[in-house]
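Trainee: Each chain, written out:
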Amino acid sequence: MAQISGDNHGLRLAVRYTVLGLIALIFVFPLVFMLMSSLKPDAQLLSDTRSLRAFLPVGDISLDNYFDAFRRAPVGLFIFNSVIVTGVTVALSLLICSAAAFAFVFIDWRGRDLVLALILATLIVPFETIAIPLLLIASKLPWLGLEGLTYGWLNSYQVQIIPFVADGLTIFLFVQYFKDLPGELIEAARVEGASWWQVYRRVVMPLAGPVLATAAILKFLVMYNQYLWPLMVVQEERYRPVMVGLQYFFQLNRAWGEIMAYLSLITVPVLAFYLFLQRAFIASIASTGVKG
Amino acid sequence: MASKFTRSNSTGWMMAGPAAALMALFIVLPFIFAIGLSFTNQRLISPNPTQFVGLSNYSQLLGVGLLTLEPERDDAGAIVREADGSPAYPALRGYTRNNEDYPQLDGMREWFSVSLGDSRTYVLARDVVFMKAVVNTVIFVLVVAPVQGGLALVLALLINQRLRGINVFRAIYFMPVVVSIVVVSLLWRFIYDGQSGLLNNLLGALTFGAFPRIDWLGNPSTALGAIIAMSIWQAVGFHMVIWLSGLQTISPSLYEAAAIEGASKWQTFRYVTWPGLRNTAVLVLIVITMQAFALFAQIDVMTSGGPLDSTQTIVFQAVERGYGKQDISGGSTISVILFVFVLAISLLQRWLTREKK
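From first to last, the protein sequence lines are chains A and B.
At position 101 of the first sequence (counting the first as 1) the number is 101 in our numbering, and the numbers step up by one without a gap.
Just add 292 to the spot in the second sequence (first one is 1) and you have our numbering.
Isolated chain A (complex conformation) (with noise of 0.2 Å):
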């Protein structure tokens, strides 16, 4: 009798690995196919497609494709801006929209409340419906220009950087992790005399591990793949992301192999990054849920 349930479970346990690896393989096949396409000379990519062996890093296998890749346009460039932009967006935007919730959860300053209810509301407006008018600031900006044509901004580092500096899941998250530290915490430092900006510093900023961690995250996700706006605003190559740079390779040349090299390039160090912190990438996605 035992021994007939304990192969029931058995068999239901395989049975459930079994629908999930089916799912998995879903999920991993295309991205095994990149990898092991960048490692072929594209006739034997195309060909490889019909079998089993386009998953398999078999037959004439090189890194060909990578130097190629690097010696057709300025790969290394892209992603240099890229991480530039990103790097430089995230720092910043950990600083201020953490002070900002600072002050939105521990200060009583008149108009808190307003600023707080507005910056919330942004969050429904998606970036794409102000993308046009953005890109029409960002040409006037700094708006100290002359009289005549003026490309203000477009091309460079800061059009990329500083209208994503500061938004309102970041600032939202910090608000959420803020209010739960203890009040009490806040307010001891500042009877001992505690200036405002030691408390957020001394006090508040070392406990803000976790968060700091998932709004870094999450921001770092959405400025390296960011596509529409620099497609827009940056025309010129010394300022192009990897994104834009990826389409503009893709219609210099139909080379699949180097295409699949540039897109492992600039996907593997997500990934490996990813699968090394995937904890704190998944804890990351599951707190923009903590809304209820």
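Keep in mind the hints are simulated off the structure, nothing from the lab.
Don't take every hint at face value.
Claimed, not checked - Simulated DEER-style distance windows between Cβ atoms:
#1 B:E647 / A:L275: 51 to 59 Å
#2 B:L358 / A:V83: 54 to 62 Å
#3 A:L114 / B:E647: 23 to 31 Å
#4 A:A117 / B:I431: 30 to 38 Å
#5 A:A280 / B:R454: 17 to 25 Å
#6 A:E236 / B:G328: 39 to 47 Å
#7 B:Y350 / A:R238: 19 to 27 Å
Treat the numbers as computed from the prediction; the structure is a model and nothing was measured.
Even for Gly, the Cβ is constructed at its ideal location relative to N, Cα and C.
Given chain A's structure and the hints, the job is docking chain B onto it.
Mentor: Just chain B now, with coordinates in the frame of chain A:
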């Protein structure tokens, strides 16, 4: 409660000021601009001064008209027929070009038409491409919101079980979320390829060659569906995680009570799990809707709106006008229309999923 230790107008403004100022300049101002510019003829660079043009941008985009035509008849009164036997109708051109009897139809083109008996009713639009973009975007949202939300919930329930190694599966299902949609779009462009695409080869192998090769992105009847499937694949993990965090807020004691009462799996889901997910459901639906309305990168990389405008979308049109043609007012008008859509659908979803008293 406010004491001199918690009150400070100047410090409050100083700390919140930078964020508030940036958001005012880069979110609130462009949002107000979008509304204002939609009533003007502003261009990105123009030697002419900007003029107020009222609602003409809106009527240019949204103008539609109806025209019912009787088939042409010969002298004996019999219906003239085309070579394939269908009735012949007078040319639309005669009604939409400088026809003084139909001033409201001037400049319109055929969007689609329906036959009622012998007569045929034409639905005309001032901007047929934009109309197609609106319809495609709405189809995209109507398919993606329930399917992606539902699949994400199924995945969340699957990975919410106690099983050795379940974290590995969770990590894998989430993986496409961290990959850029631009990368994903190029990758799937190859998968969907009509000649050497993986999908055709896979379907061919599964049906022993019986399945005909399809150029998924080059065929007007499959292109939008192919983009929908890929978009769901890429983002479903994101919403799976939001569902999962909702599932984990449901008290285990409720499940214990259900087990003691002898509830079936379905009953447990229906009466314990689903009610506990109400807030999460609202959030997931609204987030998916906002993301779905913003559909752009996939289109730009995979089809550029084609073939035959079958994958035009609202944002693609906004960018094509506002950036491509430097027609800031036209692009802004589309942005405003988009925002009205997003707002309306979000409010509708909130109302439909409201707490029923």
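Trainee: Next step is simple, just say for each hint if it's right about the structure.
Mentor: Comparing the hints with the structure gives:
The beta-carbon spacing between E647 of chain B and L275 of chain A, approximately 40 Å, falls outside the hinted interval of 51 to 59 Å. At roughly 56 Å, the beta-carbon separation of L358 of chain B and V83 of chain A lies within the given 54 to 62 Å, and the hint holds. For the pair L114 of chain A and E647 of chain B, the supplied restraint of 23 to 31 Å holds, since their beta-carbon distance comes to about 27 Å. Against the hinted window of 30 to 38 Å, the Cβ-Cβ separation of A117 of chain A and I431 of chain B comes to about 35 Å, which satisfies the hint.
For A280 of chain A and R454 of chain B, the Cβ-Cβ distance of about 23 Å falls inside the hinted range of 17 to 25 Å, so the restraint holds. In this structure the hint that E236 of chain A and G328 of chain B lie 39 to 47 Å apart at CB is violated, the actual value being about 30 Å. Checking the proposed 19 to 27 Å range against Y350 of chain B and R238 of chain A shows it is violated: the Cβ atoms sit about 39 Å from each other.
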